Amino acid sequence: MAVENRTDNDPITWLHQYGDALYRFARARVRDSFAAEDLVQETLLAAYRSRDGFSRQSSVKTWLTGIMKHKVVDYYRKLKPELGDENPDQFAYSLDILFDKHEKWKIKPGKWGGDPQNVFEGKELMAAIETCLAEMPKKMSLAFVLREKEGATTSEISELLQTGKDNCWVILYRARMLLRRCLEVNWFGRKK
Amino acid sequence: MPHWIFSCKQITGMISESMDRKLPLGRRMGIRFHLMMCSLCRRYRQQLLFIRSVLRLDRQADDSASQTLPGNARERIEKKLTDEMPKDAPH
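Chains X and D supply the protein sequences, listed in that same order.
Residue numbers for the first sequence follow numbering that gives the first Met the number 0, beginning at 0 and rising by one.
Residue numbers for the second sequence follow numbering that gives the first Met the number 0, beginning at 0 and rising by one.
Simulated from the structure, these hints should not be mistaken for lab results.
There may be inaccurate statements among the hints.
Rough simulated footprint, nothing fancy, chain D against chain X, three-plus residues with beta-carbon under 8 Å [as the list claims (entries may be wrong)]:
{"no.": "1", "segment": "39 to 48"}
{"no.": "2", "segment": "95 to 106"}
Calculated pairs, DSS-like style, for lysine-lysine (alpha carbon to alpha carbon, straight line, at most 30 Å) [stated by the list, open to error]:
{"no.": "3", "chain 1": "D", "residue 1": "78", "chain 2": "X", "residue 2": "77"}
{"no.": "4", "chain 1": "X", "residue 1": "103", "chain 2": "D", "residue 2": "8"}
{"no.": "5", "chain 1": "X", "residue 1": "107", "chain 2": "D", "residue 2": "8"}
{"no.": "6", "chain 1": "X", "residue 1": "100", "chain 2": "D", "residue 2": "8"}
The structure presented is a predicted model; accordingly, all values stated were derived computationally and were not measured.
Note that the Cβ used here is the ideal one computed from N, Cα and C, for glycine as well.
Using the sequences provided together with the hints, build the complete structure.
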């Protein structure tokens, strides 16, 4: 096998040229910086092992990004057993207590105020959001962040989390309800 | 209840879903009609949009900070790749 172009085949060069881009791609999809580092490593290793399959019809970067996408799906698949949100009743309860028997608000949404454009306030709010998200099942908070922060579509999220679209809407709804309530109690409640 | 009348609980679900996809006309009208009369659901909707704007701004902040692969991770990966390479080298 002839090596026509060294840079095409050298994973160290890939690391230097595309390491940051791959890392950013991973960080936007998994919330954990260490997991993102591992994904970069696994991607480069997998790319190196399958370098003969690289057709050169696409750029190296596109090829590496394609491999990374598969690694991200694998990451979520491995996560599945410990996601622990297979019990919907637990969340049905925390939703039900917000409404009376006519399904009108019983625990009424309060006045919030606040301005996310204000940089300092935005940062503090973001920290409060992170705290609330940490209390949610992982799959729920991941779906929520992918949607609201990264702007991913529900199709993309369903694919990553290996769940149906209908289920994805339900997960996002519960995440929003829980987060809204959590912020109201722990952030806006405390501010007064 | 007529089919276009929804409860607050139903509306909260529909508002959430409307943030992820375009709802059929009937349900969109149901939301609009409900919001005209219900200040609490209006507030709920504003709060969801508020949360979204906080997260989108955080995304922008991340972008301008342009994250890079941390140096120690880079070294670790480089070592791992170097370890991998000789095994494949032709003897």
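Against the structure, the hints:
Counting residues of the segment 39 to 48 of chain X whose CB falls under 8 Å from any CB of chain D gives 6; the rule of at least 3 is met. Using a Cβ-Cβ cut-off of 8 Å, 6 residues of the segment 95 to 106 of chain X lie near chain D, which meets the minimum of three, so the contact claim holds. Note on residue 78 of chain D and residue 77 of chain X: the hinted pairing holds, with a Cα-Cα distance of about 25 Å set against a maximum of 30 Å. Our distance criterion of 30 Å between C-alpha atoms is met by residue 103 of chain X and residue 8 of chain D, whose separation comes to about 7 Å.
Distance check on the hinted pair: residue 107 of chain X and residue 8 of chain D sit about 12 Å apart at the alpha-carbon level, within 30 Å; holds. Between residue 100 of chain X and residue 8 of chain D, the direct Cα distance comes to roughly 10 Å. Compliance with the 30 Å bound is thereby established for this hinted pair.
Comparing the model with each earlier hint shows no violations; every hint is respected.
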